[in-house]
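Student: As you go down the protein sequences, you meet chains B and U in turn. Under my numbering, read the first sequence as residues 45 to 475, first letter to last. Under my numbering, read the second sequence as residues 17 to 480, first letter to last.
Check the hints yourself; a few may be wrong.
Taking lysine-lysine and the PhoX-like style, the derived pairs with C-alpha atoms no more than 25 Å apart in a straight line are [unchecked claim]:
1. B:K60 / U:K32
2. U:K459 / B:K188
3. U:K150 / B:K304
4. U:K139 / B:K159
5. U:K132 / B:K56
6. U:K458 / B:K167
7. U:K344 / B:K267
8. U:K459 / U:K323
9. U:K344 / U:K323
10. B:K200 / B:K362
11. U:K132 / B:K59
12. B:K475 / U:K250
13. B:K116 / U:K150
14. U:K439 / B:K190
15. U:K89 / B:K188
16. B:K224 / U:K378
17. B:K475 / U:K439
18. B:K191 / U:K459
19. B:K159 / U:K32
20. B:K117 / U:K89
21. B:K190 / U:K89
22. B:K117 / U:K88
23. B:K362 / U:K139
Calculated directly from the structure, the hints in this document are not laboratory data. On a predicted model such as this, the values are computed, not experimentally measured, just so you know.
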Amino acid sequence: MNRREAAEYTLKALKKAGAQTASCRVTDGYTEELNSEAGEFSLYRTLFDSSLSMYAVKDGKKGTANLNSLEKKDIDEAAAGCVAAAEAAEPDDANDTAELIENKRFTDGVLEADKNALFDGVKGYMAELKDKYPKINLEQFIAKYKKSDTVFLNSKGVDFEWARGNYNYNSMFSGHDGDKSTSFNGYSADFTDPRQNFMDIGNNRMVIEDTLKQFDPQPIDGKFVGPVILSPECAEELLFYALMIFAGEANLINGTSIWKDKLNTVTSHSSLNIASNPRDSRIVCGERITGDGFEAKDTDIIKDGVLKSFILSLYGSKKTGNPRSANQSFNLIAAPGNKSLSEIIAGVDRGLLINRFSGGVPSANGDFSGVAKNSFAIKGGKMAGPINETMISGNLEKLLQSVVAISKETAANGSCVLPWLALDGVTISGK
Amino acid sequence: MLDELFMNRRADFPAKPTELRVQRNTTRNAALISGNLVSNAKAVASGVSARVYDRGVYGFASGADMSDESVKKILAAAADNAVFLGSRAGNSVGDLPPLAPGNEKTAKIDTDVPQKLLLDFAKELDEYIAGKYKNLSGRSVAVNCLDMEKLFMSNDAGGPVRMSHSLVPRAIIGVNLTVNDADGAPVSLGMPYGGYGFFTDLFRQPSQLYKDIDDQFEKLMQKAEGVYPEAGYKKVILGPDMAGILAHEAIGHTVEADLVLGGSVARNYMNKPIASELVTLVDFAHTALGGPVPVPVVVDDEGIEAKDAVIIENGILRSYMHNRFSAKKMGYEPTGNARAFQFSDEPLIRMRNTAVLPGKSKLADLIASVDDGYYLVRTGNGQADTTSEFMFSVTFGYEIKNGKLGRAIKDTTISGVAFDMLKTVDMVSDDMVWSGSGMCGKKQPIPTGMGGPAIKCMINIGGR
Chain B
45 MNRREAAEYT
55 LKALKKAGAQ
65 TASCRVTDGY
75 TEELNSEAGE
85 FSLYRTLFDS
95 SLSMYAVKDG
105 KKGTANLNSL
115 EKKDIDEAAA
125 GCVAAAEAAE
135 PDDANDTAEL
145 IENKRFTDGV
155 LEADKNALFD
165 GVKGYMAELK
175 DKYPKINLEQ
185 FIAKYKKSDT
195 VFLNSKGVDF
205 EWARGNYNYN
215 SMFSGHDGDK
225 STSFNGYSAD
235 FTDPRQNFMD
245 IGNNRMVIED
255 TLKQFDPQPI
265 DGKFVGPVIL
275 SPECAEELLF
285 YALMIFAGEA
295 NLINGTSIWK
305 DKLNTVTSHS
315 SLNIASNPRD
325 SRIVCGERIT
335 GDGFEAKDTD
345 IIKDGVLKSF
355 ILSLYGSKKT
365 GNPRSANQSF
375 NLIAAPGNKS
385 LSEIIAGVDR
395 GLLINRFSGG
405 VPSANGDFSG
415 VAKNSFAIKG
425 GKMAGPINET
435 MISGNLEKLL
445 QSVVAISKET
455 AANGSCVLPW
465 LALDGVTISG
475 K
Chain U
17 MLDELFMNRR
27 ADFPAKPTEL
37 RVQRNTTRNA
47 ALISGNLVSN
57 AKAVASGVSA
67 RVYDRGVYGF
77 ASGADMSDES
87 VKKILAAAAD
97 NAVFLGSRAG
107 NSVGDLPPLA
117 PGNEKTAKID
127 TDVPQKLLLD
137 FAKELDEYIA
147 GKYKNLSGRS
157 VAVNCLDMEK
167 LFMSNDAGGP
177 VRMSHSLVPR
187 AIIGVNLTVN
197 DADGAPVSLG
207 MPYGGYGFFT
217 DLFRQPSQLY
227 KDIDDQFEKL
237 MQKAEGVYPE
247 AGYKKVILGP
257 DMAGILAHEA
267 IGHTVEADLV
277 LGGSVARNYM
287 NKPIASELVT
297 LVDFAHTALG
307 GPVPVPVVVD
317 DEGIEAKDAV
327 IIENGILRSY
337 MHNRFSAKKM
347 GYEPTGNARA
357 FQFSDEPLIR
367 MRNTAVLPGK
377 SKLADLIASV
387 DDGYYLVRTG
397 NGQADTTSEF
407 MFSVTFGYEI
417 KNGKLGRAIK
427 DTTISGVAFD
437 MLKTVDMVSD
447 DMVWSGSGMC
457 GKKQPIPTGM
467 GGPAIKCMIN
477 IGGR
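This is chain B alone, in the form it adopts within the complex (with noise of 0.2 Å):
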């Protein structure tokens, strides 16, 4: 079968077994992939697959099956076991499906691959790192093209079809000069073009040049409490475990979310706005469908620092009494602020600029520690040599409401767009 008789079948499969309410996604995958290895060219792979996600709700009871097969027996069998699941489960009322608002079909992206067009992107990026960056060694570049093709059906009507196609990289490298080496750094990046100069997307030349700048690396000396600048990359990581934590669903559900009861009121510093915005152009095949069947459209989180959404599924919409979210898709997007990057780093008497956090999940109450990895300190204002063995630690809840300053610089990444964040309170500890 093909994918839309597959959902087809799926749906008329679940309401056979017993479902009253029912969805289904299925999905074909096609990605052409090129890896390399310590500077080498190692392996070509073609992947095809499909998937079929079911979701069945019968006396309010929900389970869900997925399976890689389109054949009607194994649909009925995924189908059979996916209504004896929900059988076997405790009726909840907030088990449901979208309603019926538009049905759309979406395009995005490039549907073709162009495979020496990606051969030679990455040969070029190879070739270039040999000749400009020497002592940049390149542990792991895999780039790819990935495109599905999707059909999402419920029994409310709703009949989405999603196109989309979009190549990939990332890239792993580190600095080695004689017996000296850095930590290793990274850069990953979503785009449609791959006849461009892969070097150029996003920040990653920044961060190669940066990686260089990483040799003979010193523990902070001794512990202070300062501010620290993070890097878009940084941002995006702290900014991911922030909101997931206070405004995702696990969390919501649990009761043990500390914004539970902030939504609409401050929580964050004034100059905070953080939208997640899968439709933003600067953002590739960014969602279109919700898991729940909705579509996905751009939402303000944190505007103005008040909390103006959680992200929500339909379930935990109904389990909280919270509005759901227009999207879950962590497109995260922070306005950009008035100051550069350099007039940031000329504020900060004693402090660090943070490349990459390398930490546990921080805690319910939003603590976290870590190390500061390809990060550099910063004193007087001015940079001060990279740091290693230097952990930070602090409160996510009380970063986010000391945001000293906001760069008018932004990186795009083709999955988020983020500025460099300035934010006061941090813990800084050397050996």
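Given chain B, work out where chain U should sit, using these hints.
Tutor: For chain U alone, coordinates are given in the frame of chain B:
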């Protein structure tokens, strides 16, 4: 049936070293958050992949369709990809180390578990927790089962045929408990239970976990009343859970041969001291110290018979972990560390069961020897660098004051440079505990085992 599929396809193998793998991953999960069923799912991902070696590079292709026609197309696509890359960017590494002929088979067991069984188990456990511990502000119970079944065949370029079949089951129940501390801030403690084995073998009845959960709750209450550790460079005892993640993250990754070729710090230290003489560290294949390991690997996903890799022997770096390519390139024997997660994944160099071996001291003596430090018991996650600089989260531990355990500590993180830190190890306990719930991330996830005794060392701890 799968044997037949393989033998029927042998004629379609290209005249180059070729691997064909059929794999089926079956996952089941049931998760309750504060009594609400948030996940109730079964997933099956199955398919076939082929990998062809040509001029020092690989071509790979995979698909979910396992019909004769599809397998033929996948073999041809893998060969085409090898030609595409080999003709543009081949290298001079040459022939790979040969495979020994053989056909290992794991007994085929019906792995399907009714979803109701998992749901009822999770629900009963949740009801026990909710009924007994009224002051919890949040709780979750998550059952996760993963059975990985693989059938592998390689022609080894027209030479002897290597076949193998493996089935590695894993069942884990994660329990997370949250209370509010005196300031009203949530404090959580999560614990995984289970590991290698089928759910029905590991978990007979919910009551078998009640004692563990009671202990978890008691530790949570200690943690809620606990203190933030003092940040800085401290004397600590890493419990077996922490020593295991140290073996995996901080040392293990640096000695994976692909990362060594990529520039890991370990490339400079073969046969040199990198740790105290008290430290011996091994990546075990399928058994260890006369007992089972959490993730047994008999034949890896390149057809190599897996053997133990003794990484550190009495403080000296003795071995890396290899696949066929890295072994050939670096002049070593392959160790059987090549493993793939899904049918659509190529084998990567992965750890199996990585552990620091026990020493001769008693844990009580380790604690008694610390005047001012910490005993770090549980970890949540860890990351490491190719420089061997590592970070582990600490989700439970105690202060040590004057040789005695003191107050519990709140969540924190420890870090260090492993090749320096291991030289500070001055006591190793004589016991050994395995953890079978680890999932390592490196392009693909993969289940791993890790273990160790308690070790005493100096380490950088985060805090306030």
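Student: Work down the list of hints and note, for each, if the structure agrees.
Tutor: Hints and how they fare:
Taking the CA atoms of B:K60 and U:K32, the gap is about 49 Å. The hint is violated against a cut of 25 Å. A hinted pair counts as satisfied when its Cα atoms are at most 25 Å apart, and U:K459 with B:K188 qualifies at roughly 13 Å. Under the criterion of a C-alpha separation no larger than 25 Å, the hint pairing U:K150 with B:K304 is consistent with the structure, at around 21 Å. A C-alpha spacing of about 50 Å is found between U:K139 and B:K159, which places the hinted pair above 25 Å, so the restraint is violated.
For the proposed pair U:K132 and B:K56, the alpha carbon gap of about 23 Å is at most 25 Å, so the pair holds. Between U:K458 and B:K167 the alpha-carbon distance is near 23 Å, which keeps this suggested pair within the 25 Å criterion. Restraint check for U:K344 and B:K267: not satisfied, since their Cα atoms lie roughly 48 Å apart, outside the 25 Å limit. Of the supplied pair hints, the one linking U:K459 and U:K323 holds, its CA atoms being roughly 24 Å apart against a limit of 25 Å.
About 17 Å separates the Cα atoms of U:K344 and U:K323, which keeps this hinted pair within 25 Å; it holds. In summary, the hint linking B:K200 to B:K362 is supported, as the alpha carbons are separated by about 18 Å, within the 25 Å threshold. Distance restraint check for U:K132 and B:K59: the Cα-Cα separation of roughly 20 Å lies within the 25 Å cut-off, and the hinted pair is therefore satisfied. Straight-line distance between C-alpha atoms of B:K475 and U:K250 comes to about 9 Å, which keeps the hinted pair within the 25 Å bound.
Proposed proximity of B:K116 and U:K150 is contradicted: the alpha carbons are some 48 Å apart, above 25 Å. Between U:K439 and B:K190 the alpha-carbon distance is near 46 Å, which puts this suggested pair outside the 25 Å criterion. Simply put, U:K89 and B:K188 have alpha-carbon atoms about 21 Å apart, close enough for the 25 Å limit, and the pair holds. With a C-alpha separation of about 39 Å, the suggested pair B:K224 and U:K378 falls outside the 25 Å cut-off, and the hint is violated.
About 16 Å separates the Cα atoms of B:K475 and U:K439, which keeps this hinted pair within 25 Å; it holds. Note on B:K191 and U:K459: the hinted pairing holds, with a Cα-Cα distance of about 19 Å set against a maximum of 25 Å. Restraint check for B:K159 and U:K32: the C-alpha separation of about 23 Å stays at or below 25 Å, so the hint holds. Between the alpha carbons of B:K117 and U:K89 the distance comes to roughly 23 Å, so the proposed pair stays at or under 25 Å and holds.
Simply put, B:K190 and U:K89 have alpha-carbon atoms about 20 Å apart, close enough for the 25 Å limit, and the pair holds. This hinted pair checks out: B:K117 and U:K88 have alpha carbons roughly 23 Å apart, not beyond 25 Å. Using a Cα cut-off of 25 Å, the hinted pair B:K362 and U:K139 holds, with the two alpha carbons roughly 21 Å apart.
Figure legend: structure checked against the earlier numbered hints; hints not met, in rising order: 1, 4, 7, 13, 14 and 16.
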